[in-house]
Amino acid sequence: MTDASMQTPETGRHSVSLTATDAHTRKRANAEKRFRAYGIAAIATGLFFLVVLFTSILSEGIPAFKRTVISVDFTLTEAQRTEAEGELFKTKAYSNLFIAALKSELDERGLNVAVDEAAIERLLGKVGGTIRTFYSDNPDKIGEPVAFDLTASSRVDGYFKGRVSRDTMQDSRFLQKSDLDLVDALEEAGIVKQAFNWPFITGADSGVDNPGGAGIGASVVGSFFMMLVVLGLSLPIGVAASIYLEEFAPQNRFTDLIEVNISNLAAVPSIVFGILGLAVFIQFMHLPQSAPLVGGLVLTLMTLPTIIISTRASLKAVPPSIRDAALGVGASKMQAVFHHVLPLAAPGILTGTIIGLAQALGETAPLLLIGMVGFVARGYPDGFLAGFTEPNSAMPAQIYTWAARADVGFYEKAWGGIIILLIFLLSMNIIAIILRRRFERRW
Amino acid sequence: MNDMSRVEREVDTNEIKLECRDCQVYYGDTHAIKDVNVDIEDKTVTAFIGPSGCGKSTFLRCLNRMNDTIDVARVEGSFRLDGEDIYDKRVDPVQLRAKVGMVFQKPNPFPKSIYDNVAYGPRIHGLAKNKAELDEIVEKSLRRGAIWNEVKDRLDAPGTGLSGGQQQRLCIARAVATEPEVLLMDEPCSALDPIATAQVEELIDELRSQYSVVIVTHSMQQAARVSQKTAFFHLGNLVEFGETGQIFTNPVDPRTESYITGRIG
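Protein chains in written order, with this note's numbering: chain A, 1 to 443; chain B, 444 to 708.
Don't read these hints as lab results, they were simulated from the structure.
Bear in mind that the values here come from a model prediction, so they are computed numbers and not experimental data.
It is possible that part of the hints are untrue.
[Stated by the list, open to error] So the derived label-pair ranges between C-beta atoms look like this: (1) B:Asp525 <-> A:Val280: 50 to 60 Å; (2) A:Leu50 <-> B:Ile513: 20 to 30 Å; (3) A:Pro319 <-> B:Ala600: 19 to 29 Å.
[Claimed, not checked] Mimicking DSS-like on lysine-lysine, the simulated pairs with C-alpha atoms at most 27 Å apart in a straight line are: (4) B:Lys532 <-> A:Lys333; (5) B:Lys549 <-> A:Lys316; (6) B:Lys574 <-> A:Lys333; (7) A:Lys66 <-> A:Lys126; (8) A:Lys141 <-> A:Lys90.
Idealized CB from N, CA, C, for every residue including glycine.
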């Protein structure tokens, strides 16, 4: 050894100082630098698009959470009610009473503008009917002053949000230029205000010419019942199928075929599941159309492959030594799986399930085919069971319906709906992270 | 070599616990174990030695039917534990594995508390009627595993938080908790440092008083130190089986001699 180290190595290389980088090393270093730059550029591009997306969603969607209300203190005496109920056109009588109250409030503040019934109808819709319904529902309020917060029509709302301006608007049956004088006067009097749009969050869908009254609440409920069906079916079926395939099934051609098909199913377009659902659940099994139950069944079919694939991956990730350990002390195969393997795989299974659910929550195409379109979400279901079987819509289908409607007032509703949908998706992801943290075990 | 003479003195003949005749194992088309005949004696440490891939672990896994979990593996021949065929159709491998415990190459405690690790076997086999009995079994097993003094104050700590040697002794305690009659050890010290190895070897020697121990090892020194009987496997054949002292000092087969002197393997 000593002899060898004494000799000059015959490598043919000149002795080079370590501080001087040679051309080859420089080239490698540069390649590495370039690669890092590409990576940073890719991430920056992604972030840029994310920021653009969020800014546009928020800037377009946030106005949907504000609404224009016309608030009037109104008192109905018993005598007025009796008189109005005696008339032939009852709602017109109530409407006249309301206009009188509005006029007197304007007069009190010394504002003098023409208030006629047609203008009020353009601003507020059929206000007489609203008032009449209120008093027939709450007869005890007769004689007391009641503060009515009435949602202004979408054009008036648009006037405040900058969608409608005096220069660009044209007189129509929805709004006339002269009405804007009245609106300005009402605003000066403090009668027209901007308020938080609770009805948007809690309400149901409205007619095509009433964007102001549209709410997403009913379709949130529809989505909720669908998710219950999806969770209730796809989690047990998916987990049971994966455990069987991964731990118990023999390896043969048949199980190979099943595996390939599950992977393929995950890639099938969602609209195919929609048409399958229409054919099987509605036309063959005669389940109720447009019902969250059917929607949930269709989405279950869609979610199952996702859950099975992620569950199998997390079962595979459990080290075989744990199975050996359990079998070695005499646990049966099922005990080994349920006592040791499944708890260790649980975080992965939960994450996969929630990702599958989130995917299902945002799915639109199959719902359109089974009739869960936005406009069926006209009201809340009566009771828990009815929630599954009564026609309803789901959030993404509701958003799609709004986006497709002609009235520009629905445009901001669609964006607002997207914000709500994203809030749900983000909270599901947060739940997934929390669950994973809690169940994760280290070894 | 002084050790060797000591071991030799301790050899005494016991009754046969596990009798294996004409054993064959196939992995698909591969014939992994060929015509092996071994008698495992009670209260004796039997070592299986041989080069990697010679089939000693495969053969060990036949003794508690762990090969059943491998789809392509097929076992033939007669394995009689106390005269009963363990591959009989009526034998449930779960019951067999309670009688024939196993310790693995890599320490593999469950990611649970030390207590639960040991209590798991007795729980699933219903060995304890109540908490007090279970506590007793856990303590006894941990004492037998020579780890009680180190962990008695932290039974609720995770078993995975122990050092490698402690984990392996915990696994031994877990294996003896089900009151097995035979204890199979598949290279129990290959992942341990020399000090932990010494502790486990000492433990194996103590366990001999109650169990029949079968140990697979790559270390010939270890086989010489802990075992009374040694079986040398080569390419799926049992080349030589006999008393440890005789195998290491005066092997009959030239292949055994080549292996223990380091010329093959």
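*Cβ-Cβ distance between Pro319 (chain A) and Ala600 (chain B): within 19 to 29 Å?*
holds, 21 Å
*27 Å limit on alpha-carbon distance, applied to hinted pair Lys141 (chain A) and Lys90 (chain A)*: This hinted pair holds, its Cα atoms lying about 19 Å apart.
*Range agreement (Cβ of Val280 (chain A) with Cβ of Asp525 (chain B), hint 50 to 60 Å)*: holds, 59 Å
*Given hint Lys126 (chain A) paired with Lys66 (chain A) - CA-CA distance at most 27 Å*: holds, 22 Å
*Holds or violated: are the alpha carbons of Lys574 (chain B) and Lys333 (chain A) at most 27 Å from each other?*
holds, 26 Å
*asked:* Can you confirm whether the C-alpha distance between Lys549 (chain B) and Lys316 (chain A) stays at or below 27 Å?
replied: holds, 19 Å
*Is the gap between the beta carbons of Leu50 (chain A) and Ile513 (chain B) within 20 to 30 Å?*
For Ile513 (chain B) against Leu50 (chain A), whose Cβ atoms are near 48 Å apart, the range 20 to 30 Å is violated.
*Between Lys532 (chain B) and Lys333 (chain A), is the straight-line Cα distance small enough, at 27 Å or below?*
This hinted pair holds, its Cα atoms lying about 17 Å apart.
Against the hints set out earlier in the document, a violation occurs for number 2 only.
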